[in-house]
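Given these sequences and hints, build the entire structure.
Line by line, the protein sequences give chains A and G.
Each number in my numbering corresponds to the 1-based position in the first sequence with 17 added.
Each number in my numbering corresponds to the 1-based position in the second sequence with 17 added.
Misleading hints may appear alongside valid ones.
As the list makes no split between identical chains, a pair holds if one copy fits it or if it spans any two.
Unchecked claim - Computed list of lysine-lysine pairs in DSS-like fashion (alpha-carbon distance at most 30 Å, straight line):
1. K200 / K115
2. K68 / K200
3. K128 / K68
4. K210 / K115
5. K200 / K210
6. K115 / K128
7. K68 / K210
8. K200 / K212
9. K210 / K128
10. K115 / K68
11. K200 / K128
12. K68 / K212
13. K115 / K212
These are computed hints drawn from the structure, not numbers from a lab.
Now for the letters of each chain:
Protein chains: 2
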Amino acid sequence: MNEIAATGISVLLVDDHPIVRQGYRRVLESQGDLHVVAEADNAADAYSAFKARDPDVVVLDISMPGASGLEAIRNIRARSPRARILVFTMHNEAVLVKAAFSAGASGFVTKSSEPSAVVAAIRSVARGERAMSDDIAHILAEDSLSAGSALDQLGEREIEILRQFAGGATTEQIAAHLNLSVKTVQNYHYLIKTKTGARTDAQLVRLAATCGLTRI
Amino acid sequence: MNEIAATGISVLLVDDHPIVRQGYRRVLESQGDLHVVAEADNAADAYSAFKARDPDVVVLDISMPGASGLEAIRNIRARSPRARILVFTMHNEAVLVKAAFSAGASGFVTKSSEPSAVVAAIRSVARGERAMSDDIAHILAEDSLSAGSALDQLGEREIEILRQFAGGATTEQIAAHLNLSVKTVQNYHYLIKTKTGARTDAQLVRLAATCGLTRI
DNA sequence: GGCAGCTCGGGCAAATTTCCCAAGCCGGAT
DNA sequence: ATCCGGCTTGGGAAATTTGCCCGAGCTGCC
Numbered sequence: 018m019n020e021i022a023a024t025g026i027s028v029l030l031v032d033d034h035p036i037v038r039q040g041y042r043r044v045l046e047s048q049g050d051l052h053v054v055a056e057a058d059n060a061a062d063a064y065s066a067f068k069a070r071d072p073d074v075v076v077l078d079i080s081m082p083g084a085s086g087l088e089a090i091r092n093i094r095a096r097s098p099r100a101r102i103l104v105f106t107m108h109n110e111a112v113l114v115k116a117a118f119s120a121g122a123s124g125f126v127t128k129s130s131e132p133s134a135v136v137a138a139i140r141s142v143a144r145g146e147r148a149m150s151d152d153i154a155h156i157l158a159e160d161s162l163s164a165g166s167a168l169d170q171l172g173e174r175e176i177e178i179l180r181q182f183a184g185g186a187t188t189e190q191i192a193a194h195l196n197l198s199v200k201t202v203q204n205y206h207y208l209i210k211t212k213t214g215a216r217t218d219a220q221l222v223r224l225a226a227t228c229g230l231t232r233i
Numbered sequence: 018m019n020e021i022a023a024t025g026i027s028v029l030l031v032d033d034h035p036i037v038r039q040g041y042r043r044v045l046e047s048q049g050d051l052h053v054v055a056e057a058d059n060a061a062d063a064y065s066a067f068k069a070r071d072p073d074v075v076v077l078d079i080s081m082p083g084a085s086g087l088e089a090i091r092n093i094r095a096r097s098p099r100a101r102i103l104v105f106t107m108h109n110e111a112v113l114v115k116a117a118f119s120a121g122a123s124g125f126v127t128k129s130s131e132p133s134a135v136v137a138a139i140r141s142v143a144r145g146e147r148a149m150s151d152d153i154a155h156i157l158a159e160d161s162l163s164a165g166s167a168l169d170q171l172g173e174r175e176i177e178i179l180r181q182f183a184g185g186a187t188t189e190q191i192a193a194h195l196n197l198s199v200k201t202v203q204n205y206h207y208l209i210k211t212k213t214g215a216r217t218d219a220q221l222v223r224l225a226a227t228c229g230l231t232r233i
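Here is the structure:
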């Protein structure tokens with residue numbers, strides 16, 4: 018069994034920027050009870066490092082090139098349900114946060130957070146608690162009040178139109194393709210925006226991309 | 018005159034993430050000859066900190082919220098042509114690199130670089146030399162050979178507006194942010210579309226994403 | 001000096017967006 | 001059976017934006 022109180026907390030650092038990792042390592046190790054036992058710069062290495070060192074907490078940035086960080090979370094959790102994973106990234110969109118938690122993350126902290134908040138989150142996660150930084154809590158709270166900004170509240174037609182739109186199709190092209198009037202497509206477009214809470218077409222495209230509806 | 022060899026190199030750190038700054042600070046200070054004399058988390062503070070401490074080198078991330086980092090470079094260089102600025106960011110798009118250098122940066126290093134390469138770049142820049150990481154040199158080399166991407170035909174202002182737009186900002190937000198009239202931003206928006214050949218806002222977002230201008 | 005290119009914005013017709021509304025259809029609840 | 005609610009399809013009208021033209025200031029370059 019783990020003797021965390023006696024031995025401190027072992028941490029696996031996953032981030033694709035070497036100097037960022039080294040900086041974090043120094044910040045964490047200056048705490049005394051936190052020990053970085055391994056590092057990785059991609060999703061695949063993250064899992065092998067996890068297997069090899071069995072750290073108490075995995076601190077990882079989801080925005081890595083190549084395989085998604087979400088993939089890494091799912092990967093680790095699928096094989097080691099005991100794993101505690103703290104997402105540490107600069108992104109702060111509600112969809113991403115929810116995706117991370119449902120992929121199995123135990124915590125979500127933005128890089129805008131104070132170092133003290135980050136180490137506090139690591140300790141919480143190590144104790145098996147859920148942790149998130151204040152800004153993330155705020156964003157999730159707003160999101161839950163705004164009747165949802167995810168796309169699981171969209172109908173099939175709406176999804177299809179959003180996919181084509183985010184793929185770069187014009188309103189006319191979509192209308193022709195689906196045998197609808199331009200007016201109807203315009204109405205869907207508006208409906209999708211209000212349903213998802215996107216204020217801008219660009220936000221819509223980003224939403225579609227982050228939800229895996231379109232690839233870019 | 019500066020007695021760098023005797024006193025070491027003083028550094029101003031500019032990055033909007035506190036823990037990232039703290040990490041860098043520790044990495045740099047462990048070198049012995051590098052001293053972080055000030056930090057800033059936005060373009061405005063960066064210049065006042067520069068005035069107050071007159072550091073040998075400014076290490077800054079261009080991707081800060083609010084005013085562009087390019088703006089900050091221009092700002093500092095306009096008032097203190099002696100300033101040495103090392104851009105240190107995760108972006109690695111040729112357009113951005115060229116924009117940074119023409120704004121007055123002395124060096125450009127990506128966060129993918131080894132810490133040793135970063136500190137080497139700081140020392141080079143302090144000596145008045147130009148510095149860039151290997152991956153940046155590679156990208157610039159490729160770029161000079163290729164016929165040029167769609168973004169190459171855009172001016173700096175256009176790039177900045179495209180970045181913010183593709184990031185999800187509304188026209189009003191961009192205008193407020195850059196102190197422009199809404200009409201001017203609309204005109205730039207239209208200009209960018211015609212220059213790049215994008216027929217749709219969604220296509221514009223995709224273009225910005227594939228060129229690395231924005232991350233999704 | 002002159003030309004070219006970037007930046008900044010006005011103007012105005014045409015197009016789109018933003019809402020509100022109605023009607024048909026269908027599945028589930030009463 | 002009936003009613004409710006949600007999806008799909010579109011009309012309408014006001015508000016906004018787009019598309020494109022223009023001029024003016026500024027810089028850098030020949």
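Okay, the hints, checked on the actual structure:
For the homomeric pair K200 and K115, the shortest alpha-carbon distance inside one copy (28 Å) is at most 30 Å, but the shortest distance between copies (37 Å) is not. Taking identical chains as interchangeable, the C-alpha atoms of K68 and K200 are never at most 30 Å apart, the minima being 35 Å within one chain and 57 Å between chains. Taking the closest pair of Cα atoms, K128 and K68 come within 30 Å of each other both inside a single copy (26 Å) and across two copies (27 Å). Only within a single protomer do K210 and K115 lie at most 30 Å apart by alpha-carbon distance; the minimum there is 20 Å, versus 34 Å between protomers.
In the homo-oligomer, the alpha carbons of K200 and K210 lie at most 30 Å apart both inside one protomer (15 Å) and across protomers (24 Å), since each shortest distance falls under that limit. Proximity of K115 and K128 under a CA criterion of 30 Å is satisfied in both settings, with 17 Å inside one chain copy and 27 Å between copies. Taking the shortest Cα distances, K68 and K210 never come within 30 Å of each other, neither inside one copy (40 Å) nor across copies (46 Å). Both within a single protomer and between protomers do K200 and K212 lie at most 30 Å apart by alpha-carbon distance, with minima of 18 Å and 28 Å respectively.
Proximity of K210 to K128 under the C-alpha cut-off of 30 Å is restricted to the intra-copy arrangement: shortest distance 29 Å within a copy versus 33 Å between copies. For the homomeric pair K115 and K68, the shortest alpha-carbon distance inside one copy (26 Å) is at most 30 Å, but the shortest distance between copies (43 Å) is not. Proximity of K200 and K128 under a CA criterion of 30 Å is satisfied in neither setting, with 37 Å inside one chain copy and 35 Å between copies. Taking identical chains as interchangeable, the C-alpha atoms of K68 and K212 are never at most 30 Å apart, the minima being 39 Å within one chain and 48 Å between chains.
Taking the shortest Cα distances, K115 and K212 sit within 30 Å of each other inside one copy (17 Å), while across copies they are farther apart (38 Å).
Going down the numbered hints, you'll see the structure goes against 2, 7, 11 and 12, while the others check out.
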